[in-house]
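Chains as they are written, first to last, in our numbering: chain U, 1 to 327; chain S, 1001 to 1327; chain F, 2001 to 2327; chain Z, 3001 to 3327.
For the record, the hints were derived by calculation from the structure and aren't laboratory data.
Every value quoted in this text rests on a predicted model; they were computed, and no experiment measured them.
Heads up, the beta-carbon is just placed ideally off N, CA and C, and yes, glycines get one too.
Please note: incorrect hints may appear among the correct ones.
Chain F stretches covered by chain S per the calculated footprint, using a threshold of three residues with CB under 8 Å from any CB of chain S [unchecked claim]:
1) 2075-2087
2) 2117-2123
3) 2141-2152
4) 2186-2200
5) 2246-2256
6) 2263-2277
Distance condition first, Cα-Cα at most 25 Å in a straight line; then the derived DSS-like pairs of lysine-lysine [to be verified]:
7) S:K1218 x F:K2037
8) U:K37 x Z:K3218
9) S:K1037 x F:K2121
10) U:K121 x U:K88
11) F:K2239 x Z:K3239
12) F:K2239 x F:K2306
There are 4 protein chains.
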Amino acid sequence: MSTSINHIGVLTSGGDAPGMNAAVRAVVRCAIFHDMKVTGIVEGYTGLLTNTLRPLNTRSVSNIINQGGTFLKSSRCMEFYEEAGRAKAAEKLHQEGIQALVVIGGDGTFTGATLLAREQKIPVVGIPGTIDNDIYGTDFTIGFDTAINTAVEAVDKIRDTATSHNRLFFIEVMGRDAGYIALHAGIGAGSEEILIPEQHRGLDYLLDSLDRSNRAGKTSSIVIVAEGDKSNSVLELAKSVEEKLPEYSARVTILGHLQRGGRPTCFDRVLASRLGVAAVDTLRTGSSGVMVGLRDNRISLTGLEKACKETPDMDPELIRVSNIVSI
Amino acid sequence: MSTSINHIGVLTSGGDAPGMNAAVRAVVRCAIFHDMKVTGIVEGYTGLLTNTLRPLNTRSVSNIINQGGTFLKSSRCMEFYEEAGRAKAAEKLHQEGIQALVVIGGDGTFTGATLLAREQKIPVVGIPGTIDNDIYGTDFTIGFDTAINTAVEAVDKIRDTATSHNRLFFIEVMGRDAGYIALHAGIGAGSEEILIPEQHRGLDYLLDSLDRSNRAGKTSSIVIVAEGDKSNSVLELAKSVEEKLPEYSARVTILGHLQRGGRPTCFDRVLASRLGVAAVDTLRTGSSGVMVGLRDNRISLTGLEKACKETPDMDPELIRVSNIVSI
Amino acid sequence: MSTSINHIGVLTSGGDAPGMNAAVRAVVRCAIFHDMKVTGIVEGYTGLLTNTLRPLNTRSVSNIINQGGTFLKSSRCMEFYEEAGRAKAAEKLHQEGIQALVVIGGDGTFTGATLLAREQKIPVVGIPGTIDNDIYGTDFTIGFDTAINTAVEAVDKIRDTATSHNRLFFIEVMGRDAGYIALHAGIGAGSEEILIPEQHRGLDYLLDSLDRSNRAGKTSSIVIVAEGDKSNSVLELAKSVEEKLPEYSARVTILGHLQRGGRPTCFDRVLASRLGVAAVDTLRTGSSGVMVGLRDNRISLTGLEKACKETPDMDPELIRVSNIVSI
Amino acid sequence: MSTSINHIGVLTSGGDAPGMNAAVRAVVRCAIFHDMKVTGIVEGYTGLLTNTLRPLNTRSVSNIINQGGTFLKSSRCMEFYEEAGRAKAAEKLHQEGIQALVVIGGDGTFTGATLLAREQKIPVVGIPGTIDNDIYGTDFTIGFDTAINTAVEAVDKIRDTATSHNRLFFIEVMGRDAGYIALHAGIGAGSEEILIPEQHRGLDYLLDSLDRSNRAGKTSSIVIVAEGDKSNSVLELAKSVEEKLPEYSARVTILGHLQRGGRPTCFDRVLASRLGVAAVDTLRTGSSGVMVGLRDNRISLTGLEKACKETPDMDPELIRVSNIVSI
């Protein structure tokens, strides 16, 4: 392993996810472990354009591993979508002597990073940080494990309440395009039904399933709905079911942004630590334009462009398990 | 203290609340401590009419103090609203040799209990169990402390997420007629604004306040909304604000029934234990038609009828504190 | 209400307690609400001697209400025990134009505050912040509610494990001189036995009680031990019981400092907000040398000296409840 | 896939682990999904000898997925270590018409299962359920993820407390022979030092490391100690360090059995659901004497005997990560 990089930058971008702080901490400490300098770029790509930089040392990242959110802040940066913006960012990096970049985020973040690497010849390595787990090239994204636990804890509380007869609980979880949170949280929470965008099973399917549950002796049912599944709001879905099955009384919970927050789980912290170390190691080998991920429990590299373009498959084994355990 | 009661019944009724199990446990163990028999009535007043009874001993209530919900189940019983239903219930109690009743619930539960005591001459003592804290005669109802902690934990997680500029978070909490959950959770969560039915401050007030917050340098704001405050759904409130203040982007969380669940807090368990013991003690003195509550940190009795009719006042000191700490 | 105070200082001292941040926040915002300046003194009285001061505004205390510990840091300051140290501190306050002080802490903190007020004529108001709840003049100290919930959650987890026959769990909680944490957490956790320094019941009592539990059909028992109760370590207590009752297998948990941490409960945050506002209000009336507390659910003042010297009584009702519900 | 098995038994044995209930639920529902009968055997192998059996249907396993412990109870059965005991157990299974067995537990459980399968020709499939993660043939055992989160939450609380200078916190976690909990929890909690039985680094190493931390500017340090690492109790370790480094003040927390309890994490519930389904699927293919595990994120079979005899390796990448992020 040889490298001439001795100063790297690190940023978090896009929607924040629990565990991003742990990833930044690992990047910083691994860089310092290898005698490199590290600069934190505040508010994602925006910080490069507004010159909001922050030198980081091992103490700067003390006591943040257990904090949700991202202490470097995040944003979506419109100017960076233009080549001129990226050129300006590259210039800024040159000025500061920052030779390479670790970017932590999701699809949008990686699209920008791909262009920065290709157009501006800045070595960039990506770390998948998003609660949605919808990035190709890694079995888990940072923040996903925390988000599904948050959702499951919410459903646990709902399950505690008096199991009145004919009560339906609808819980909307995040996932505009991907049903991973809904599928994992639905299995974990023991929900009766899971509605995800990948399947778009529709109202008739749901009515049919609830009817079967009812006949199987279930006195109340919990339905997990991914944001992206419903043609309209979960409130309207609940209303439609109440109209069609008047013996049911429906109650709605919308978890919203509380799924983004909370202290990261141990899994997310360990994952973030591994990926942060791997990202710096990868830059040191001279690689660029790749994402570090965890596949089959091992560090694995994927081209950033591929990570953006491809979509990970829903595991059919998991869908089968979900169907079996909810009978 | 003298009493000829040697067999009591206990039931939970209405909406369930965390800590109800701790109250039943204390009722059972205090009765047995005084060599009385105890019968659990399942599903509230319904169990008296359907004859769903369960003899209880000290072991029956082991390992339930930490469980949410109510293991005796709860219901709202229509038949009990009629005198004929109550007469049937009283007959059932006589048949079983149950000489007195401890009922755990809220307003509706106590209305039934008042009539059972007055019409049917059944000695009854009430214990306030509802997350809403809206019962006259007690500073705290069982379940309230757990519910406000659940709400605060949810807001904490939302606060963790990247503090993007001009982001508004609306969190709907329970409280159809009473703003206690919203007021306490709002102070506890450090929310910028609290909307409660007692004040009905309206959209203009909110817009004005957000504008002030904005000028004071707050980059994002959290608004707690009690169900009962809004003329229409919190989703529409959020939409209205976005229309009037287009620089803001609003996000909505509806906590719904998850506030009813969860393991009870220590406060609720200790409160429930104290009130359960006090209820049995009160029956033993020959009293009936009263509710045991906690006022000024001491056990206190209030007529059940008064407990139903009167409404506790919002503490003006607390409203003032809420206004000061949210500047 | 009239006052000429327009600049106050605030500090936290002694062992930290969850909710101290919420109290500082309320002090700061209430002062600013009344157009006063506020300076934070870092690391308690030490900061006065080392000149570690920090001007505070409403934004300085944003997003801290939900954090454990104290962002102003805390310490025990030896130099402040000497009159010379206190004179130096007073001089520093004069130099900075700080006319009055709010101190948040326990007995030791208040002893220093009493002397500062009496000797150096600095107006001082105290706020009780300690997890031990052992301060005379308030029903609750800031941090107590969080600590008992932390202890109860720990015991809940232990209770979850397979209820093997003849298993004894000893859990040591904080409380060197006072058994409040043990008493409340013991009732809340449904423990079979509670050992507190106020009672020093001894090994024979415990053996006798365990024997009775065993005969009553309890297959496993949970014993809460306050630090201050035991003549020697809880590990030795467990060993002694195993020797005398060889049919039992004992397991020990020592919670230690984890009881000091964690996000404050809603109760502690509301309490801290109320006391923080009350402290500033009290200074503005011209009072000094007093502690603001909550008695009978109302703000109440107690002389600082009295708060230090007297010890609050164990509530006999609570001890009776504890004995009844553990049968 | 063809099978003539139409009645299976399921049991949990050895130390209980969070998620065992989710595994039993999945076994039951998958069996019923395939029109098989299921019998629960209470208290592990003991239930076979004492004839404590319980027919299970889909409703028997409702509302248990979120509960810690095991509702089928567990035990260590001495009689089963003898061939005569196992013969008796096999006879019992024949009498009841139970044709095959799913056993959930750790090494001890699998040793018994191996012999039952080989000697008594009972088809048996094992599911790894233990918080220790020390089973060969699976990347994760059921309960491990929950246990490391419990440990990390405890350390988070300790980290919250005032970062006094020269304070050392020792936290003992479970792991008599294996350091997996300590390693993962140590990385997740951001501890300064991790002591595990696999390394036995000793007191001198620790003193040296603390000295380096101190010089690197760390004001307080957190040391995670696996039970099995220390030649004597963690209390004595703390005392030794205080003697050698008198500038430090040491505080000890022993988590003990609280790591076994608590609601299982989503990860453990999903893992348990997958393994439960896989175990029944495996029995239906006619396999026996194997354990179902998760390797490289896929269901994988390992001979039960091999699962007992081999020890999984500590991942050197994880140890390297741990060394880097704690600088």
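So, going through the hints one by one against the coordinates:
1. 2075-2087: Contact hint for the segment 2075-2087 of chain F vs chain S: violated, 0 residues under 8 Å.
2. 2117-2123: violated (count 0)
3. 2141-2152: With 5 residues in contact (Cβ-Cβ under 8 Å with chain S), the coverage given for the segment 2141-2152 of chain F holds.
4. 2186-2200: It holds, with 4 qualifying residues against the three required.
5. 2246-2256: violated (count 0)
6. 2263-2277: Coverage by chain S holds here, the residue count being 10 at a Cβ distance below 8 Å.
7. S:K1218 x F:K2037: Holds - the C-alpha atoms of K2037 of chain F and K1218 of chain S are around 20 Å apart, at most 25 Å.
8. U:K37 x Z:K3218: Status holds; Cα separation ~20 Å.
9. S:K1037 x F:K2121: 64 Å, violated
10. U:K121 x U:K88: This hinted pair holds, its Cα atoms lying about 13 Å apart.
11. F:K2239 x Z:K3239: 20 Å, holds
12. F:K2239 x F:K2306: Answer violated: K2239 of chain F to K2306 of chain F is near 41 Å, above 25 Å.
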